[in-house]
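Hints given; two lone chains; assemble the complex.
Keeping their order, the protein sequence lines are chains A and B. Anchor point for the first sequence: position 76 equals 76 in the working numbering, and the numbering is continuous, going up by one each time. Anchor point for the second sequence: position 364 equals 364 in the working numbering, and the numbering is continuous, going up by one each time.
FYI, nobody ran anything at the bench for these hints, they're computed from the structure. There are no misleading hints in this set.
To be clear about the criterion: a stretch of chain A counts as covered by chain B if any three or more of its residues have a C-beta under 8 Å from a C-beta of chain B, and this derived list gives those stretches:
| id | segment |
| --- | --- |
| 1 | 6–14 |
| 2 | 59–66 |
| 3 | 312–323 |
In silico negatives: residues of chain B with every beta carbon more than 10 Å from chain A:
| id | residue |
| --- | --- |
| 4 | W120 |
| 5 | N178 |
| 6 | L193 |
| 7 | G209 |
| 8 | L325 |
| 9 | E330 |
| 10 | G355 |
A few chain B residues that don't get close to chain A, going by computed Cβ distances all over 12 Å:
| id | residue |
| --- | --- |
| 11 | G16 |
| 12 | N107 |
| 13 | W113 |
| 14 | G204 |
| 15 | G262 |
| 16 | E292 |
| 17 | A299 |
| 18 | P314 |
If you're wondering where the values come from, they're calculated on a predicted model, not measured in any experiment. Quick reminder that beta carbons are idealized off the backbone N, C-alpha and C, glycines included.
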Amino acid sequence: MEEVVGDEHVRTDDGALVTFSTDATPLERGRPDAVVFPATAEEVAGVLRVANELRVPVVPRGSGTNLSAGTVPHHGGIVLVLTRMNAIKEVSGDELVAVCEPGVRTIELAQAAAEKGLLFPPDPGSQSTATVGGNVAECAGGLRAVKYGVTRDYVLGVQAVLPTGEIIRSGGRLVKDVAGYDLRRLLCGSEGTLAVMTELTLRLVPAPEASGYGMAYFPDLADAARAVSRVLASGVLPVTLEFLDQVCIGAVEDYAQIGLDTSAGALLIFGQDGNPAVIDRDLQRMAAACETEGATQVRIAESPEAASQLLEARRAALPSLSRLEPLTLLEDATVPRSRIAEMVEFIQEVARRHELKIGTFGHAGDGNLHPTAVLDPADESAVRRARAAFDEIFARAIELDGTITGEHGIGIVKLRYLERQLGADHMALLRRIKAAFDPHGILNPGKLGS
Amino acid sequence: MTTVDTAPSHVTAGRGVFTPDLLDRCISCGFCLPVCPTYALTGVETSSPRGRINLMRALETGVLTDDDPTVQEEASFCLGCRACEPVCPAGVQYGVLVEEWRDHLWNGRRRPWKVRPLLWAVDSPRRVRAMGIVRRHAGRRNEAPGPVNLMLGCFERVLYPRVSRVARELGTDLAAPNAQGCCGALHAHNGELRRGEELARELGEALPGTIVATSGGCAAHLAGVLGPERVKEFSQWLHARDGAEPAPERDGAAAGTPTGGGLRIGLQDSCHLRNGMGVWREPRELIATVGEYVELPSAAACCGAAGSYAIVRPKDSARVLDRHLDEIAEADLDVIAVVNAGCYRQLQQGVKRRGLRTRVVHLAELLAGQR
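Same shape as in the complex, but just chain B (with noise of 0.2 Å):
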């Protein structure tokens, strides 16, 4: 008979890896398994939430150690899309433990050689300055700080500049200091906590009053340092400001014609928006006023990008991508608009692998664009 050598189901002495409250609100119904990307690829518990909390919970107590290859697997196979946390009845917040478990696994050496070289580029605001100096963003030098104000995104403001700055056309009340550094995210979810805690807190400083942030996971990472009534998502800011209201005719353009010009317009949630922050009914609701909204079956599940997956493990995001690409097509969308960055960029390469006909922008660039 063989039992010993499991986890416990609960931790009441462990090894300190995990704040131990967390790890003992699974309650184990396994009601994370249906939305876990990892798990409907592989069809294996270990690599699903609960699978990953119960090898969490046999680290914590030794049963087994740092070096075991299916932790470490595991640890980096999860893409910390947070799918599993709105269908959790006992309020896991999933997010936090794989935070804590890669800070405690890939301290030094373990770290993926990969995200090395993106941790060092955005860790000093000089340097995120000097990667969008030579883009068009919508920063401006020595402009001061509002009481809103527009947060650039370190990779958004060299990869996607013309999103901050339509941003900025249809918030004309945003601020948009250049003096600003990276939010964290990458950090956090990478292995380094503290250091993404402290970048937030970084960033708070630097912007006094409402940031408001176009990529997802950004906001959804500083809300969770600053508090959530600092730090509002584009969509969300946009939203509760203007509601969501067909936009009025723009001059010239025959009244009662849709300005969206009958587009079909689908919409890929980020994850941690939509798991974290709460935040999925407004973007559909502002991409209803300009054009027709089609909600593609797996439009809430992640799309494979996950901050630096897809640069860390690009077979599994490619396998993670393809469902949201065959749902495209079948549509046939026009449009798919993203709210993150590291989305925009997945789709984009994804649909272009394809040749798909679909063209992929960011909500404010639908928005600016017909409005």
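Pulled out of the complex, with its shape left as it was, chain A reads as follows (with noise of 0.2 Å):
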């Protein structure tokens, strides 16, 4: 490994060792038997064809914000960071067009892109340290998701290596492309299972003019739900439509005191971009909507100032609930937007029978529900409490025609989970379709396809 990147590229003190055992989820450690960071597609071809040849498992990593496990080495081997290949090489505003390396963070690709009027619209909660290239692999979502779409959307085109050492091209610059397999696609949400992504090129779009937002209180989440489904009739389509539910609601109270109706059963947040008009027009819309249906209270922010204090009580949501208690198990269970109000009366008596504090906020305009259970993880019979709820809180989102994960994957963490979602013969497929790309089941094994 040091004649491949240089030895000061390489760690294996113990110290290192142990800061790179973990990622952001709770309770999954593995430590690695060394950290490589290589800084060019062809170092990363060379530690995997030696990897290959020595059959060592390779974890590769960003930021390691992966809140699935997804990038903790639980079979020992090399932690792969590519947060050394961090050049954005262009920024096209003719093409609408990024290209970079994985290692960039997703917001200053965000902020490179702004510089010129444009928009890479994935923004997942983590995208201050999060990279692009983990995004991609983990297919991450966000806010915005309802309306632009999440990062698959914006994924034109890869440079790869594969684990057996080749490196390989799919896509490009083109909005249309259609020769081969969808290779870019099935890189993108694989978890860092079939390849290592050392190039990414991304499509942008052109920056909305400006954006506006208003929040409504419901006195029952079922009526915040009805609300939601009223305002996509109404032929408004959202940039942001978010909820928090009665939990949070009390938590970040409590935390931020900023003065929110703490006996309200539902709070939602919507917003809007684009043309000035059009955002009035919108707004307007959505809250006639929600007081359609049943809001106590609508309130459109009136400027940027109003507009930043409401999003707070979203934005304040984790930061709340993950001082309540010492370990916060965020989960990312989705329904079909029509069964969100199943799913989160469900999740709360699923709390009450556990006994656990289980906050639920999240993208009610995607049906991505951020159930998040706060405990003392010294207390052993909680943590077993909070494995019973989430199974069942993941098997009621299948039986839901859901998704055990809407935007966090599978990692460790859900693999358990997932042949009940997707089925024998499907899960036989994943595995045929890994061992095509990585023979020697090296490249992070124990996880999807495995």
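Here you go:
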């Protein structure tokens, strides 16, 4: 390894191994044998060739913000950190395209695009830390997905190194390109199990002129869920449609004290971007939809400052929940929009039955929920009850035609639920695909495709 | 399969090096990585707040020992700037953790030898007074404390005695008794947590009432021990007293001309003032009363002074400073204002080394020159 990347870019000291044993997933850890920091696709290929020959596991990693333990090396081996590959090679306003290396932070790419009046829409909560490569590998979502889609909708082309060391390209700068299987889409969301992406060509869109926001309180979650359906049926495709349940409202108010109505059953935050006249019209329509469905209070932010205050309630959801107890389990069960109320009520019932504190917030516009359990990890019974509760929650999500993961990925923590959702034949196909890319199973073993 | 020998994510039964609740706070989200200056230098997680907390957890549970070279190195390499605290969604008190870490590791022989004479010098109020004896700082012998007292600072009174003099010109209601020692920040940051707290309490007794400090680092340490209601940093205090209205024209100045003569002025935040006390708006607004305020991209990031860091790790300190100097040169600032004695020295030396035309002044000097 030292010959491939230079000895200063290989760490094997105990301290470094400890710090690369984890990502942002609670409770999951595994100690690697080495941490390697390549700078080029050729170096990545060199590392993989050696690892493939010696049958050593390789776990690709960006900034380690993964929430499904996808970057935890629980079989040991090499953690391949791609953050040295952090060049933005091109942002083209003519072609609406950006080309960058995988270690660029998502926010840096978004800023580079914004400087040219362009927008890179995927905005996962971790965008200030997370890398573009990691976001593509996980097919990250974000707050704007209902209008703009998710990361996969912006990947035009990839350069990737196969576990056997060959460097391939799929797609490129073209919007239309059907030559061959759509491998770039396959790699997007492959969670570092098929190949290591070393360059990404991404689609950009013109930045919207402005944005505006509003909020509505509902006595009950079911009312808020009906309002979401009514909003989307009213001819509006909002950029933001976020909700907080009563547990979250209470936690946020306790922590941030921003004057939320803690008696409400649900809070809906809606927003639109684009032309100011369209924003006004859409905000009015969304407010009217909320009122029709029984909102007790509806407000439209009159200024950017007011809008920022309003968004604070959503931004503070995770921080305020996470401060209640040392252990925070943040999940992402997702259901069709029409089943949101059913799902959240089920989550609340499960929490009561297992005597757990679970707050649910999330992206109402696309059905992506974040049930978040907070507990004391020293309380072994609570940890067991939380696992049981999430087993039930994932099973219910599947029953409601939903998914066990909307944007966090399978990693280690969801693998045991995957077959229930996909079925045995589908699982077998995943394994055959995995074997075609990675005959010796060295790339992120024990995860997707295993 | 290797699943042993990693620090658990939560420490329930540890060695007692750290306050367990503080270590458990971290949810490992990694939001601290992009704001950490040493992570920016290395790109290696081990040199980031989340990485260091994992090292602390490993130390607490015995997975790593006190002698582990990486544990030793990272405890020292950290600037202790606390830039990770404001961005932390879980409210981890990293500054306290790093003090507990050094308190445990550096007791006795492992303390960096370069800081030992510094700690000795400021350990006794008598020696602190002696240090400033030949310099014309604002302290008056036998002056009684008032309701609001100016803290003289131990290194500031030696290196920059003018700061306390002009602070008193601006704040004529400030008393400045000479009988005061060190605030203890240097001790707390260098592995003598208890002594650091003792010194702060002694200073609190010597200066009853409100204490105003011209160095953000001292203010933050004092506020941590004595409480924020008793301790104000100078810009915070002045801003609360006067607001940030443009200074009245001085005699002879032409009406309508900005008193600053159109100076382009930047600010170097004091890390603990900004990240520990949440004070950053006040100095900016005060600067804007006397000239054109220019926000440098790295204004909020540590300049590398970091208390005794510039002395203990001069090379790393200079690397941290580099981008600040690049930005000062690029903005072609007339003045860069500082609000902490360590930053004063750090920037003065850097600006001189680069041969930049920019003047480094303390905010109090800047304001006094214009009022």
